[in-house]
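**Q** As a plain string of letters, each chain reads:
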Amino acid sequence: MVSHYLNMKRNFILQAGCIVFLLFTVSHAWTAEAADLSTVSEPVKASDQAAGGNGSGDDAWEDENWEDEWESTDTIADPLEPLNRFFFHFNDKLYYWVLKPVARVYAGFFPEELQIGVRNFFDNLRTPARAVNCLLQGRVRDSSEEVARFALNSTVGIFGFGDFARDILGLHSADEDLGQTLAHYGAGGVFYINWPILGPSNFRDSIGRFGDAYLHPYMYVDADWEVIAGAQALERVNYTALTLGDYELFTETALDPYAAVKDAYQQYRKGLIENK
Amino acid sequence: MMRKIILHQKSLLVALLLIMSVFTIDTGLSASAPDNPMDRLQVAVDDILKILQSEELKGPEKKGERNQLVLNIVADMFDFKEMARSSLGQSWNTLTPEEKDTFVGLFTTLVEQRYIGKIDSYNNQKVLYKKQRVKGDNAMVYTAIVDKDLEIPIVYRLEKNKGKWLIYDLKIENVSLIVNYRRDFDSIIRKEQFAGLVEKITKQIEKSETSD
Numbered sequence: 001m002v003s004h005y006l007n008m009k010r011n012f013i014l015q016a017g018c019i020v021f022l023l024f025t026v027s028h029a030w031t032a033e034a035a036d037l038s039t040v041s042e043p044v045k046a047s048d049q050a051a052g053g054n055g056s057g058d059d060a061w062e063d064e065n066w067e068d069e070w071e072s073t074d075t076i077a078d079p080l081e082p083l084n085r086f087f088f089h090f091n092d093k094l095y096y097w098v099l100k101p102v103a104r105v106y107a108g109f110f111p112e113e114l115q116i117g118v119r120n121f122f123d124n125l126r127t128p129a130r131a132v133n134c135l136l137q138g139r140v141r142d143s144s145e146e147v148a149r150f151a152l153n154s155t156v157g158i159f160g161f162g163d164f165a166r167d168i169l170g171l172h173s174a175d176e177d178l179g180q181t182l183a184h185y186g187a188g189g190v191f192y193i194n195w196p197i198l199g200p201s202n203f204r205d206s207i208g209r210f211g212d213a214y215l216h217p218y219m220y221v222d223a224d225w226e227v228i229a230g231a232q233a234l235e236r237v238n239y240t241a242l243t244l245g246d247y248e249l250f251t252e253t254a255l256d257p258y259a260a261v262k263d264a265y266q267q268y269r270k271g272l273i274e275n276k
Numbered sequence: 277m278m279r280k281i282i283l284h285q286k287s288l289l290v291a292l293l294l295i296m297s298v299f300t301i302d303t304g305l306s307a308s309a310p311d312n313p314m315d316r317l318q319v320a321v322d323d324i325l326k327i328l329q330s331e332e333l334k335g336p337e338k339k340g341e342r343n344q345l346v347l348n349i350v351a352d353m354f355d356f357k358e359m360a361r362s363s364l365g366q367s368w369n370t371l372t373p374e375e376k377d378t379f380v381g382l383f384t385t386l387v388e389q390r391y392i393g394k395i396d397s398y399n400n401q402k403v404l405y406k407k408q409r410v411k412g413d414n415a416m417v418y419t420a421i422v423d424k425d426l427e428i429p430i431v432y433r434l435e436k437n438k439g440k441w442l443i444y445d446l447k448i449e450n451v452s453l454i455v456n457y458r459r460d461f462d463s464i465i466r467k468e469q470f471a472g473l474v475e476k477i478t479k480q481i482e483k484s485e486t487s488d
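Same order as they appear, the protein sequences are chains Y and Z. Our numbering applies: residue 1 is where the first sequence begins, and numbers increase by one. Our numbering applies: residue 277 is where the second sequence begins, and numbers increase by one.
Isolated chain Y (complex conformation) (with noise of 0.2 Å):
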């Protein structure tokens, strides 16, 4: 038991140096991509929106242009693109075969109820993460609120089923997660990665999840893979039951549902970043 810990505690520090490592690559390939674009286009620009800022400090919100703050999300690099779509393909089949039919057979059998309990269980798990990632992007309070709704609804909620905190006391959670956090210390995604059965990602978004991971409840429990595999894949069953008839909607109104399905994860990872 004492070298099964130590062991942990080994491998955890050995990943750590990893993961601070690949910071470092990350940030400074974003530096040097900012830095390229300051030296190209940018001077003009920067100096005219210097003097409008300067002009308009009255009512900053009112003065900001809605055009650019609509619409200001970038494309990402792709250059794993044939594989990403060998992915999409098969993640998509994924959906319909299995996952979907399965979910269909789980809704029919367990009410919307107990989804949304078993929906804020795995949410529960997430909080040590979320509370961490809060305090490293300076914000103490929604850390401590973390902190506080995941002690209430353990206990209080019943291990995370309900949600006490936010509908007694309206302590809300906040989205919060390792990717988030890098990004708030200016780590942009480098580049669009398509993860078979995780699905959507980039690049700083893997480190992210990999990183938040260690400070998942699953690390602690002393349980076998199998058990931890089968709680991942109750999780993403009970998800999908929850959601069904939107990924169909989504991928069949659009024309080419890969490029489609990359922007939605941009613009929605550029809204949790920005805490809109």
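None of these hints come from the bench; they were simulated from the model. The beta-carbon is built from N, C-alpha and C at its ideal position, and this holds for glycine as well. Treat the hints loosely; a few may be bogus.
[Stated by the list, open to error] Capping the alpha-carbon separation at 20 Å, the derived lysine to any residue pairs in SDA-like fashion look like this:
#	chain 1	residue 1	chain 2	residue 2
1	Z	Lys339	Z	Gln329
2	Y	Lys270	Y	Tyr185
3	Z	Lys424	Y	Ser173
4	Y	Lys100	Z	Gln329
[What the hints assert, rightly or not] Cβ-Cβ distance ranges computed for the label pairs, FRET-style:
#	chain 1	residue 1	chain 2	residue 2	range
5	Y	Phe159	Z	Val319	22 to 32 Å
6	Y	Tyr185	Z	Gln318	17 to 27 Å
7	Z	Val474	Y	Leu234	37 to 47 Å
8	Y	Gly245	Z	Lys402	14 to 24 Å
9	Y	Asp246	Z	Trp368	24 to 34 Å
10	Y	Glu274	Z	Asp413	24 to 34 Å
With chain Y held as given, fit chain Z onto it using these hints.
**A** Showing chain Z alone in chain Y's frame:
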């Protein structure tokens, strides 16, 4: 003592006047409903919900009639021409007037299909109207729909066209419909030009119509 009370009353009066003036500036216009984007949106959404909840229009055999009534309201709320133009980006300017007309028609049907598809799954979810921001002829209306115990934010962007507020984009969970279609269309145009895009949309529409 008396002086203090009078002073107090005076400040109350000032506060009251201030509040009233704020109301006349902000919501006083709402008396003439269409001039306020949030009210106009709310009226339209309520009308759609009435159709969806109507006992007379229930059942799968009434689906066509129901959808047509919803689409009439949608057509009155959305600025499809502006949306189509915006979703094509730069490519719009290279089109002939006939091509533009064709594209607006196809784009309208495509968006209608997505809208109708979404609305079919409506199951008494609550719609919340949070706030609006108006600047001249532009407005944003912040709403949310409560679905399965979660609040999903939907922001509408409106523009006043000939005295009428019209929607020309919406963001669901921060994903803009127009930006998303632009990236989608771009990906087709880059490989197959505009002709390829028209062909793809036509096929897509036929496919959804036959699957209904």
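**Q** Please go over all the hints and tell whether each is borne out by the structure.
**A** Hint check results:
1. Z:Lys339 / Z:Gln329: Between Z:Lys339 and Z:Gln329 the Cα gap is close to 13 Å, so the pair holds against 20 Å.
2. Y:Lys270 / Y:Tyr185: Holds, at roughly 14 Å.
3. Z:Lys424 / Y:Ser173: holds, 16 Å
4. Y:Lys100 / Z:Gln329: Violated. Y:Lys100 to Z:Gln329 sits at ~28 Å, over the 20 Å cutoff.
5. Y:Phe159 / Z:Val319: 22 to 32 Å: violated, 44 Å
6. Y:Tyr185 / Z:Gln318: 17 to 27 Å: violated, 41 Å
7. Z:Val474 / Y:Leu234: 37 to 47 Å: Distance hint for Z:Val474, Y:Leu234 holds at roughly 45 Å.
8. Y:Gly245 / Z:Lys402: 14 to 24 Å: The hinted range 14 to 24 Å holds for Y:Gly245 and Z:Lys402, with Cβ atoms some 19 Å apart.
9. Y:Asp246 / Z:Trp368: 24 to 34 Å: Check passed, 30 Å falls within 24 to 34 Å.
10. Y:Glu274 / Z:Asp413: 24 to 34 Å: holds, 26 Å
Consistency note: the structure conflicts with the earlier hints numbered 4, 5 and 6.
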